[in-house]
Amino acid sequence: MTVPARRPPPLRRRRGPDRDRRLTGLPGFYLTVMRTAVAVQFQYRTANYAYMIGMVVEPVIYLVVWARVAGAQGGAVDGITAGKFAAYYIVWTLVRNMNIVFTPFGWEERIRQGRLSAMLVRPVHPIHYDLAYFAGWKVVVVLLWLPIAAVLTLIFRPTFDVSALEVLVFLVAIWGAYLIRSMLLWVLGMVTFWTTRVSALYDIYFTAELLLSGRLVPLALLPAWAVTVADVLPFKYSFGYPIEVLAGDLSTRELLTGLAAQAGWIAAGALLVAAVWRVGVRRYSAVGG
Amino acid sequence: MTQASTAVQVAGLRKAFRVAEREAGLRASVRSLVRRQYRDVLAVAGISFTVAAGEVVGFLGPNGAGKTTTLKMLSGLLFPTGGEVLVLGHLPSRREHAYLRRITLVMGNRNQLQWDIPALDSFEMSRAIYRIPSAEFRRIRDELVELLEIGDQVRKPVRTLSLGERMKAEVAGALLHRPEVLFLDEPTIGLDVTMQKRLRAFLAEYNRRYAATILLTSHYMADVEALCKRVVVIDAGAIRYDGGLRELSTRYTRQQTLTVAVGESAPDLSGYGEVLSTDGGRVSIRVAKAETSQVAARLLRDHAITDLTITDPPVEDVIEHLFAAGTPAP
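Just so you know, the sequences run in chain order A and B. Position in the first sequence (from 1) plus 1 gives the number in the working numbering. Position in the second sequence (from 1) plus 194 gives the number in the working numbering.
Think of the hints as simulated: they come from the structure by calculation, not from any bench. Misleading hints may appear alongside valid ones.
Claimed, not checked - Computed spacing ranges between beta-carbons, pair by pair:
#, chain 1, residue 1, chain 2, residue 2, range
1, B, ALA292, A, VAL168, 52 to 60 Å
2, B, ALA292, A, VAL280, 18 to 26 Å
3, B, SER443, A, MET120, 46 to 54 Å
4, A, ILE62, B, ALA292, 30 to 38 Å
5, A, ALA268, B, ARG288, 23 to 31 Å
6, B, ARG402, A, GLY115, 26 to 34 Å
7, B, ARG448, A, GLY107, 53 to 61 Å
8, B, LEU285, A, ILE205, 36 to 44 Å
9, A, VAL280, B, GLY258, 23 to 31 Å
10, A, GLY115, B, ALA292, 18 to 26 Å
This structure is a prediction, so every number in the text was calculated from the model and none was measured. Ideal Cβ positions, reconstructed from N, Cα and C, are used throughout, including at glycine.
Just chain A, same shape as in the assembly (with noise of 0.2 Å):
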């Protein structure tokens, strides 16, 4: 028996105005890569929600023990209370996954399996790209983290005293503290055009960027010259800055010049980002990929 062969429907036309119209060049592009992230997360609801979960285990456990410590010593430490810890540890969910870029693991596959080639041979940086498909990712991840958030603050009891302006410095902050670990993991990432494998030096960056951002214990809660180290480094701009600006009590000043220091190292990465690819891209191409 033959099987009729059946003509395929014509392709969908999108509805209403031109796209091109209204949006062209970068922003375009930027706009179409994150359309596409949303729609491969979507396919993955269920890993979705098993990464959330995974990613909330690590601030409850934190919170959990700071909040004894705070009982035990009657009700605060260092004079962060038991629902100050709170607010920040559930603010830490939401910085966190603002905080996940590409990966120096992603390039060493990216390298390996000659996927930067394919991205070589097309008219647009390859940063623009994974800043674009990351930041579409944020999308289902935040719509995801609502539910969690809602949940950690029925249990954990949070102390919010939010002004409208840091809440405002916080939604420009979190995209800063995005960027700012966009460049400097990608630099890191791009010691693989020398190296091929450079998971070794990101498990360095990784534990200095735990104890001096603010992500394994507030900042205030750290030895003094621990807080001087931390503040000339980038990582508190990444994390504990954005968190403090929400849950904690910046002053006006603490909060722009917080907001400042993010514009200068997201300035520096992006320097940096441009000289290293530039030399690793000649390497790269000099010995193949």
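Mind docking chain B on chain A? Use the hints.
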């Protein structure tokens, strides 16, 4: 050095790689930690050729001959060690966006398509990357989908497609910006015969319709025979032959096959040449090309021949002979 009708100009192009080497085993592995040994490998050893706009050229050669390295230098993925390359008036190694918008590189095992979503969504991304106006994009996309017969496949997540379907979708994605020069590295690798034929027919049509220049490498002679009037044979980084595919056979064929039909039972014809096969009354004999007409005349004189055909060996055999003989470049 570019002319209006010349798409690719290559002069004295060289590429050397520095390769780390060590013996097998743990001891050699530990030794290489302290003192690593390198060897310089000349992958492309000063080749020169030009390709006219709209021409389809096949790069032939054994594995490691330098074909893919050459394509990578032409597309801007590799910096040449020496020599000059100009494609469409651009220096490929600069990888200017204006250049990359005019070319495409398809490598059999490197994918541009997103694995988890339908190819249609990846095509949208290409639209954004190449800044193709929406109306034009839809027209080209629909045309490619129709030509490649992938109307159903482009709606499924790419990971669910067969290798052949994926390859066709890759090719469609690589041509959305309507490149003027196509670098195709083993475009039909791993595909079944039907799929290979469709892809070949499509590439021939694309070349005809848009006067696109195509440089392709392939291990399948059928690809080359179907698409390329001209071939460049590379071996050990050097050009061994550059010219017409038909002339390649004429120039390098040393032997021909005579097939004769001699009634119901074939006599012993081993005195005329090397008997390749006997099938009922049909006998195939391999003879030196210079003696073909003489042997044919003798056969016709000595036997009651009802049919006689003379054929050249397959191009694969000619090329194999070319590599084996170490024939210098003409």
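These are the hints, each one checked on the structure:
Checked against the hint of 52 to 60 Å, the pair B/ALA292 and A/VAL168 fails, with Cβ atoms roughly 44 Å apart. Restraint check, B/ALA292 to A/VAL280: a C-beta distance of roughly 23 Å satisfies the suggested window 18 to 26 Å. Taking 46 to 54 Å as the suggested C-beta distance range, the pair B/SER443 and A/MET120 does not conform, at roughly 41 Å. Taking 30 to 38 Å as the suggested C-beta distance range, the pair A/ILE62 and B/ALA292 does not conform, at roughly 54 Å.
Between A/ALA268 and B/ARG288 the C-beta distance comes to about 26 Å, which sits within the given range of 23 to 31 Å. Distance hint for B/ARG402 and A/GLY115: a CB-CB separation of about 31 Å, consistent with the stated range 26 to 34 Å. For the hinted restraint 53 to 61 Å between B/ARG448 and A/GLY107, the CB-CB distance of approximately 54 Å keeps it satisfied. Between B/LEU285 and A/ILE205 the Cβ separation comes to about 39 Å, which falls inside the hinted range of 36 to 44 Å.
Range check, A/VAL280 to B/GLY258: Cβ separation about 29 Å, and the 23 to 31 Å hint holds. About 25 Å separates the C-beta atoms of A/GLY115 and B/ALA292, a value consistent with the hinted range of 18 to 26 Å.
This entry does not satisfy hints 1, 3, 4, going by the numbered hints stated previously.
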